[in-house]
Every structure is written in C-alpha cells, then in structure tokens.
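Q: Listed here are the chains, written in short residue letters.
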Amino acid sequence: MSLKNALCAVTALTLITTTGAFAETITIATVNNGDMIRMQGLTEDFTKKTGHDVEWVTLEENVLRQRVTQDIAAKGGQFDVLTIGMYETPIWAGNEWLVSLDDLPASYDADDILPAMRAGLSHDGSLYAAPFYGESSMIMYRTDLMEKAGLTMPDAPTWSDVEAAAKGMTDKDNEIYGICLRGKAGWGENMAFITTVANSFGARWFDENWKPQLDTPEWKEAVSFYNNLLTTYGPPGASTNGFNENLALFQQGKCGMWIDATVAASFVTNPDDSTVADKVGFALAPNKEGVDKRSNWLWAWALAIPAGTQKEAAAKQFIEWATSKDYIELVASKEGWANVPPGARTSLYQNPEYQKVPFAAMTLESINAANPDSPTVKPVPYVGIQYVAIPEWAGIGTAAGQEFSAMVAGQQTVDEALAKAQANTAEEMEAAGY
Amino acid sequence: MARSVTTRRKTINTLAAWAIGLLIFFPILWTILTSFKTEAQAINDPPLFFFFDWTLENYAVVQERSNYMRYLWNSVIIAGGSTVLGLIIAVPAAWSMAFVPSKRTKDILMWMLSTKMLPAVGVLYPIYLVFIELGLLDTRVGLTIVLMLINLPIIVWMLYTYFKEIPGEILEAARMDGATLKEEILYILTPMAIPGIASTLLLNIILAWNEAFWTLNLTAAKAAPLTAFIASYSSPEGLFYAKLSAASTMAIAPILILGWFSQKQLVRGLTFGAVK
Amino acid sequence: MATQHSRSAARFMMAPAVILLLGWMLIPLTMTLIFSFKKYLPLRGGDLGWVGFDNYVRFVSSSAFWPSVQTTLIIVGGVLLITIIFGVLLSILLDQPMWGQGIVRILVIAPFFVMPTVSALVWKNMFMDPVNGLFAHLWKAFGAQPIEWLSDLSLFSIILIVSWQWLPFATLILLTAIQSLDSEQLEAAEMDGAPPLSRFAFIILPHLSRAITIVVLIQTIFLLAIFAEIFVTTSGAFGTRTLTYLIYQRVLESQNVGLGSAGGVYAIILANIVAIFLMRIVGKNLDT
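Residue numbers (UniProt numbering), protein chains in the order written: chain A, 1 to 434; chain B, 1 to 276; chain C, 1 to 288.
Don't read these hints as lab results, they were simulated from the structure.
If you're wondering where the values come from, they're calculated on a predicted model, not measured in any experiment.
Cβ atoms here follow ideal geometry from the backbone N, Cα and C, with glycine treated the same way.
Among these hints, one or two may not hold up.
As the list claims (entries may be wrong) - What the simulated footprint calls covered on chain B by chain A, stretch by stretch (three residues with Cβ under 8 Å from a Cβ of chain A suffice, anywhere in the stretch; the number is not a length):
#1 120-129
#2 132-142
#3 220-226
#4 231-239
To be verified - Straight line, CA to CA, 20 Å or less: simulated EDC-like cross-link-like pairs of lysine to aspartate or glutamate:
#5 K222/B to E60/A
#6 K140/C to D173/A
#7 K10/B to E190/C
#8 K222/B to E55/A
#9 K254/A to D45/B
#10 K38/C to E430/A
#11 K140/C to D45/B
#12 K222/B to D53/A
#13 K38/C to D54/C
#14 K10/B to E187/C
#15 K222/B to E175/A
#16 K38/C to E427/A
#17 K75/A to E133/B
#18 K75/A to D152/C
#19 K325/A to E353/A
#20 K334/A to E64/B
#21 K140/C to E175/A
Sequences and hints are given; from them, build the entire structure.
A: As structure tokens, then:
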C-alpha cells in the first residue's frame with residue numbers, strides 16, 4: 001500500500017467520522033433582519049456540530065412571505081426550514097402543513113420558552129414553530145429631549161402622556177420630530193400598530209358574528225388620534241415609513257419617541273449604528289385612560305418545518321441549534337449580551353448578565369402584558385393582537401393599511417379611510433364565505 | 001465664416017448632449033459613489049460627492065453575507081442559455097418567415113407577440129404547479145426554458161425584421177451561379193445576418209438578465225440569479241444605503257460593462273424594422 | 001417564387017417556435033380558466049368546487065377594479081408619452097455633430113441595463129426618500145419643503161422611474177431611424193429656408209412615424225406587465241394599484257387563486273384589446 005493510498009484512506013475515514021453518514025444540505029428561507037443575518041454568519045458552528053450544510057435564502061420580509069406562502073400552499077417543497085411568524089403558524093399547522101416540534105429532546109428544554117410565545121406558536125396544544133426571537137411593542141424615547149422639554153415619561157404612560165411628550169419634544173426647525181410611528185401600508189406594517197391603538201381605545205376588528213367593526217365610534221376615535229398624532233408631530237413622509245425607516249430615523253436622532261417592536265431596543269442602543277445610543281429610555285406601550293387594554297402587541301419570528309420535506313431530521317437539528325440556550329450563549333460570547341435574540345426564553349431573563357442590559361426588564365414586562373387570546377375589551381371570535389389569525393387577514397389588513405396610509409398622506413379623511421376599509425373588509429369576508 | 005458657425009453649433013450641441021447624458025446617467029453614478037461610502041456618509045447632509053473616505057467595506061460585507069459568484073454564475077447561465085436556446089429555435093422560424101412569406105406570416109408574428117401579454121402574476125400558480133410536476137423548481141434548466149419562452153416572440157420578431165432587409169436579388173444571383181441551399185445559407189446569408197443575430201443576442205441577454213418576476217418566484221437557493229441576490233438587500237434593519245448600493249453595483253456591473261462594450265453591435269440591429 | 005417544397009420546409013422550420021409558444025400559452029391559460037370558475041383557496045383546503053361566474057362577477061364588482069384599470073392606462077400612457085417626446089428630442093440632439101458622441105450615447109443607454117428592482121430601490125431610497133433622499137437635500141438647499149414623492153406624487157414618481165428605464169430604448173430605435181434619414185433632403189430644405197420647426201414637422205416626424213409605432217408596440221407589451229417597480233416603491237398604495245398588481249394581491253396576498261385567475265382572464269382580455277388596437281396601426285405601418 002503506497003503512502004498516497006494510505007493518506008487517501010485516512011482522509012476518507014476522517015471525513016466519514018466528522019461529517020457523519022447522514023450529512024445533508026438543508027435550505028432555509030429567512031428574513032433579512034439583523035438577528036437572522038447574524039445567525040447566517042454563525043452557520044459554521046452548526047455545520048461543525050452536526051455535519052449538515054445550509055443553503056440560505058435570505059429575502060426582504062414581503063418577498064419572503066410571498067415566496068414561502070406560495071411554496072407551502074402549492075406544496076413546492078423548496079425549503080426545509082421556514083422563517084414564519086405568529087400569524088402564519090396556527091393557520092398552517094391547522095392545514096397540516098407543518099411538522100410538529102413536540103419531540104425535541106429534553107436538553108432543548110421546550111418548557112423554557114416564554115409561555116406567551118409558546119402559546120402563540122402552538123396549535124391544539126402542540127408546538128409547530130420554535131421562536132427565534134420574540135417581541136412586544138413599547139415606547140422608546142429620548143431621555144435628553146424629554147429633559148430639555150421639562151417632561152418625564154411614566155413607566156406606564158397613557159396616550160395623553162404620549163401626546164404631551166410628542167408636543168414637547170418636536171422641534172421641526174432642527175429636524176426633530178416628537179414621534180415616529182409606522183405609516184407604511186401593510187398588514188405587518190402600519191396595521192400592526194393601528195390595530196394595537198384600536199385595541200387600546202376599546203375597538204375590535206370583528207364582532208362575535210364576524211361582522212367588521214370599522215364603522216364603530218371606537219375605531220373612529222382611535223384612528224383620528226393616530227392620524228392627528230402622526231401628522232402633527234411626525235416626520236415628513238410618515239405615510240411611507242415602516243419599521244426600518246423609523247429605525248433609521250431614530251438612530252439618526254430625528255425622533256423624540258418611537259413606539260415599535262421591543263427588538264428595536266438593541267439597535268437603538270448600539271453605539272456602532274446609533275447616534276443616540278446612550279440617551280434612550282423605555283416605557284410600556286400606552287393605553288387610553290379608563291381602558292384596561294394596553295397597546296402591546298405580541299410577535300415572534302419562528303422557525304418551522306414544512307410537512308413533506310425529505311430532510312426533516314436535519315431540519316429539526318437546525319431548529320434545535322438556532323433556538324437553543326447554547327445559541328444565545330454563542331451570540332453573547334461573540335457580540336455581547338445586548339445583541340442576543342431576545343424574547344424567546346425564560347432563562348435569558350433570569351440570567352444576571354442579561355439583566356444588566358438596559359431594555360431587558362421592559363421587554364419582558366411588555367411581552368407579559370400581551371395576551372393574544374383576549375386582545376380586546378369586547379369579546380372577539382379571533383386570536384391575535386395586532387392581527388386576526390384567519391387566512392384572509394393578510395389581504396384585508398394590507399388593503400385597509402393602504403387606506404390609512406393614504407389618510408396619513410393627507411389624501412383622504414379619517415371617515416373616508418374607515419369607510420373604504422370597512423367596505424373592503426366586508427367584501428373579502430363575504431368572498432371567503434363567512 | 002461657415003466654419004465658425006458649425007463650431008459654435010457643435011459646442012452648443014456638445015454641451016447640451018453631455019448635460020443631458022450626465023443627468024440620465026446620474027442615478028447610476030450616484031449608486032456607484034454611494035457604494036464606496038460608509039453608511040453614515042451615505043445619508044450625510046449635505047450629500048457628499050467625491051470628497052469622502054473611499055471604502056471597500058460594503059463590498060466586503062456583501063461578499064461575506066452572500067455568495068456573489070454563485071448568483072452571478074446563475075445569471076450568466078440562465079441569461080446566456082435562454083438566449084442561445086431562443087436563437088436556435090428562432091433563427092429557422094424567422095428565416096422562413098422572411099424568405100418564404102405566406103399570407104399568414106404576419107398573423108403568426110402578431111400572435112407570437114400577443115403571448116407576451118399573458119400577465120405573469122395571473123399564471124404564476126399554474127406554472128408553479130407545472131414546475132412541481134416536472135421537478136423544475138429551483139433549477140437552472142427550468143428558468144432557462146421559461147425565460148427563453150417569454151423572450152422568444154421578441155427574438156423571432158427582431159430577426160424577422162432584420163432578415164427581411166437582406167435583398168432577395170443576392171440570393172437569386174447565387175442560385176443562378178448554382179449554389180446549393182447549404183452554400184447559400186453558409187456563405188451568403190449567414191455573413192449578412194450576423195449583425196442582426198448579434199444584436200438580437202445582446203438585447204435578449206439584457207432582457208433575461210433583468211427579468212425579476214419568474215427568476216425570483218421559481219428559485220430558492222440553487223438556481224437563484226442576481227435578481228434574488230438584490231432581494232436580500234432591500235430595506236433591512238438600520239441604515240442600508242451604502243450596502244444596497246454596493247449590492248446594486250455588483251448586480252448591474254456585469255451587464256452594464258457588456259452593454260457598453262457591445263453597444264455598437266446592439267444598436268446596429270436594434271431597429272425592429274423601423275428603418276426602411 | 002416559393003415552391004411547394006420550400007413551403008413545407010418553411011413550415012418545418014417554423015414548427016418548433018410555434019409549438020413551444022402554443023404550449024406556453026395554452027397550458028397556463030387553460031389552467032387559469034379552470035381555476036377561475038372554481039372556489040380555490042389554498043389556505044382553506046385548496047379546491048372547493050365549481051362556482052360558475054362568481055369570481056368574474058366579484059372581481060369586476062370590487063371597488064378596486066375600475067381604478068386599477070385606469071391606473072394601468074395612466075402609467076402605460078404616461079410612460080409612452082414621456083419616452084417618445086424625450087426620445088425624439090434626444091435622438092435629434094444625438095444625431096448632431098458633437099464631441100464625444102460615443103460617450104454620450106453610452107451614458108444615455110445605461111439605464112436600460114439596470115434591472116427594474118435595482119432601479120426602483122435606488123430611486124425610492126436614495127432619491128425620493130423625503131428625509132435622506134437626494135431630492136429632499138436639494139429642496140432643502142433651496143429652502144423648500146421636501147416633496148413626499150411616493151405618497152403625494154405616487155403615480156408621477158412611478159411614471160418617472162419607469163420612463164427613466166425605457167427612455168434609452170426609445171432613443172436608440174429613434175436614433176437609428178433618424179440616422180437613416182436622407183441628409184440631402186434635410187440640407188435641401190435648409191437651403192430653401194425652411195425654419196427648423198417645419199423641417200421637424202414635415203420631414204423628420206413623418207420619417208419617424210414607423211419607428212414610433214414600433215416603440216409604442218414593444219414598450220406597451222412590457223409596460224402592461226410592470227410589477228417590480230410598484231412592489232418595491234408603494235406596494236400598490238396611494239392609487240398605484242394597476243390591474244397586474246390587483247391580481248397579485250388577490251392571488252398571493254389574499255391567497256384567493258380563483259378570484260385572482262378571473263382577474264388574470266380580464267387582464268388577458270384588456271391586453272388583447274390594446275394589442276389588437278396597436279397591431280392595426282403597426283400592421284398598417286409595416287406593410288407600407
């Protein structure tokens with residue numbers, strides 16, 4: 001046996017032992033959000049541990065939703081792991097399109113997942129998607145501007161407090177806008193926010209008989225308030241600002257206040273990207289005086305496996321890796337505790353290291369304040385706080401979002417926007433057979 | 001006297017044309033410039049033109065995040081493949097239409113063009129189901145075929161109008177001299193048709209390269225071309241102008257360079273029979 | 001004269017292209033037609049049976065239908081108008097003697113090579129953004145309030161972006177046509193003392209009519225299908241929902257394949273009305 005052959009044999013052996021006999025390549029569809037891009041950068045750790053390779057399909061949120069929905073509805077089978085949200089999970093699980101994740105090993109500690117997240121990602125008591133990160137919404141505000149305006153932000157403010165703060169901080173000559181809110185049309189953009197405002201004013205999307213309720217006085221009051229707040233104290237072009245646009249504005253120091261996802265806290269306090277990193281305070285999402293529902297939402301970006309994939313085992317291993325406690329530790333060791341994916345696990349909030357992070361406590365409090373099973377003051381036939389967990393919602397929400405976006409742009413009045421949204425919603429519900 | 005007038009006119013023409021040319025080109029120039037800035041410089045007020053610290057950082061970030069070469073290679077294969085395949089099918093068809101026209105030739109041409117009017121979003125679902133049946137999802141072969149089919153009418157039409165301009169007398173003369181059909185095609189028609197074919201080839205590579213609906217919807221990872229690459233850089237979290245610019249520059253640079261170098265060939269045949 | 005033999009050879013040569021396109025047209029069209037008569041909701045179990053013309057009635061009676069047809073026609077018409085007017089002017093200018101003609105031509109045709117997604121992203125973010133966009137900086141430099149392009153002037157903005165992409169194409173075809181113009185004829189007219197305007201109206205424009213029809217035909221085919229530009233910039237908000245986009249919303253956002261397919265059939269009908277109209281003109285022009 002020549003030396004060369006021996007070398008070959010040794011190499012082959014090492015390959016087998018390190019990669020294992022079942023090394024596979026899994027295709028993962030994900031959003032181009034910061035935490036996912038970080039995960040993509042850490043793929044090597046997963047490959048080293050399991051031997052599986054990963055193909056990433058990283059897309060902008062709207063493109064991703066469309067691609068993934070199209071693929072799973074037509075049973076295209078192009079992806080082995082999907083990044084989906086709390087809205088899709090129960091609907092898809094109900095259609096038996098997802099693989100149940102109940103059989104993850106004990107070391108994964110599924111009971112450690114925050115109860116609110118677990119409930120939102122389950123269907124009939126089984127977990128169908130593992131939260132990669134979870135969020136509620138809260139107020140992020142500029143402590144320096146509040147001080148300058150001689151105001152203080154209570155920990156649990158009301159909408160009147162928010163309006164007063166917005167008024168006090170606005171300084172349009174210096175391009176400082178008291179409040180930045182979502183205005184960009186989309187069920188996951190402005191409608192997420194507007195729906196929570198509506199909840200906190202005592203409104204609801206549908207009554208117990210699935211009749212759309214946008215023609216009620218509660219909706220009018222909520223939407224008028226939102227419109228007035230944003231057009232009076234908001235930045236120019238607010239009707240096209242979504243999460244990302246507002247984040248950029250806040251980081252540049254142009255927003256006095258921003259009510260949005262709790263995950264944004266780690267971006268606005270990151271000195272590499274944010275010019276106001278050390279001047280940010282946090283408070284609970286507001287409510288209207290006398291209404292005991294706050295405007296918190298609840299959302300998770302989660303990883304799920306489409307039923308029918310050939311690589312279920314490897315896909316499960318990936319989900320286990322990406323949503324584990326070890327993954328959080330890994331990110332913490334490389335990027336610091338402030339940058340770990342938040343809102344998924346109870347143990348993270350018990351970790352003394354993480355408790356030092358300025359926004360940790362408020363994030364947890366916000367998540368715990370949200371209850372998707374009882375989102376509104378009056379009873380509703382649906383679950384979901386900032387969305388309605390029915391298949392038609394994406395279409396309904398986006399169409400309504402476009403009307404409210406045009407309203408913020410000054411192209412129609414509050415009444416016109418509500419009337420059109422109500423008519424369209426009724427149309428869609430009728431088409432769906434309610 | 002006459003000379004000075006022409007010089008003055010020429011100067012005015014030159015100034016006007018350059019001003020308009022630069023104006024039209026400016027968005028691309030601005031994208032390229034921005035790709036060399038930091039994210040903070042990219043949104044600086046007032047905007048920075050040439051005097052900033054040029055950095056390659058964005059290109060490094062983009063390259064680290066996505067395997068650019070693979071997207072590029074897929075784009076090359078798909079755009080090139082669909083064009084070549086399209087030409088193989090279209091040349092004989094256009095040829096026979098131009099040289100053996102019948103009463104229905106024009107109708108067939110117009111019908112072919114009308115197939116391009118099928119709205120892609122409307123037939124996405126059917127095509128997706130067909131692709132699943134045939135196992136063509138996320139394959140370069142599948143995408144090559146689709147792009148070939150959507151551009152085929154344009155290819156046929158462009159070639160047809162070009163072939164039609166080849167004077168018939170030359171062919172007759174060759175036939176008189178006893179040339180066989182093969183010789184006729186090889187030695188007389190082909191050399192005359194090359195510019196038209198070249199320009200058709202270029203136009204279709206450009207159209208296929210920039211096609212952004214089917215390429216995005218029928219691919220996942222393996223066959224994804226540059227149009228999918230761009231979709232991961234549009235509006236991420238935080239500041240992104242510089243990275244978006246770098247990714248955009250990387251996506252359009254190959255085709256821009258190809259287009260510039262071959263613009264003479266492209267222009268020569270791009271008449272669609274507009275010139276008599 | 002073509003013999004019987006060459007005719008059958010011609011048919012044989014045409015067959016692959018015709019058969020392929022026939023398949024490409026008929027298979028999806030048939031499936032779309034079938035879906036359009038069904039209640040087909042993938043998120044609610046898929047095929048839920050035949051419903052007759054329900055989808056057709058529902059699609060047309062939706063409050064969004066007529067505005068979307070109107071938007072489609074405005075965008076197509078607007079872009080055609082801009083690209084042809086500026087295309088003619090630009091091609092006349094580029095035909096004049098000047099220094100660096102080759103480079104100017106390179107600059108002018110460049111936008112044609114930019115993929116629609118990229119051009120929409122660049123225009124939306126780096127030019128039309130009301131806070132960080134270049135236009136906003138420009139407006140502020142002159143002390144004006146920045147324009148909110150994509151909400152206040154949404155249709156105009158989209159027409160502008162699409163026109164920027166298609167102006168090079170129009171210019172190139174028109175330029176080739178102008179270059180083929182008999183320069184002696186123009187010089188003779190100049191000698192006779194014909195003012196530039198009448199030279200343009202009586203010599204150049206008639207000569208270009210054929211090229212203009214071709215530009216109209218080809219651009220219309222592509223413009224009826226524009227999608228990326230709207231998806232990226234406004235997602236159909238602010239009155240920019242074209243028929244194509246409305247179908248997209250029905251099929252993919254609402255996941256109502258039956259309703260969307262009915263919309264697809266309407267879009268095909270609309271496209272063919274436009275096509276017949278155009279081909280009448282072009283056909284006439286191509287024969288002469």
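Q: May I ask which of the numbered hints given earlier this structure violates, with the numbers listed in increasing order?
A: Violated hints: 15, 18; rest satisfied.
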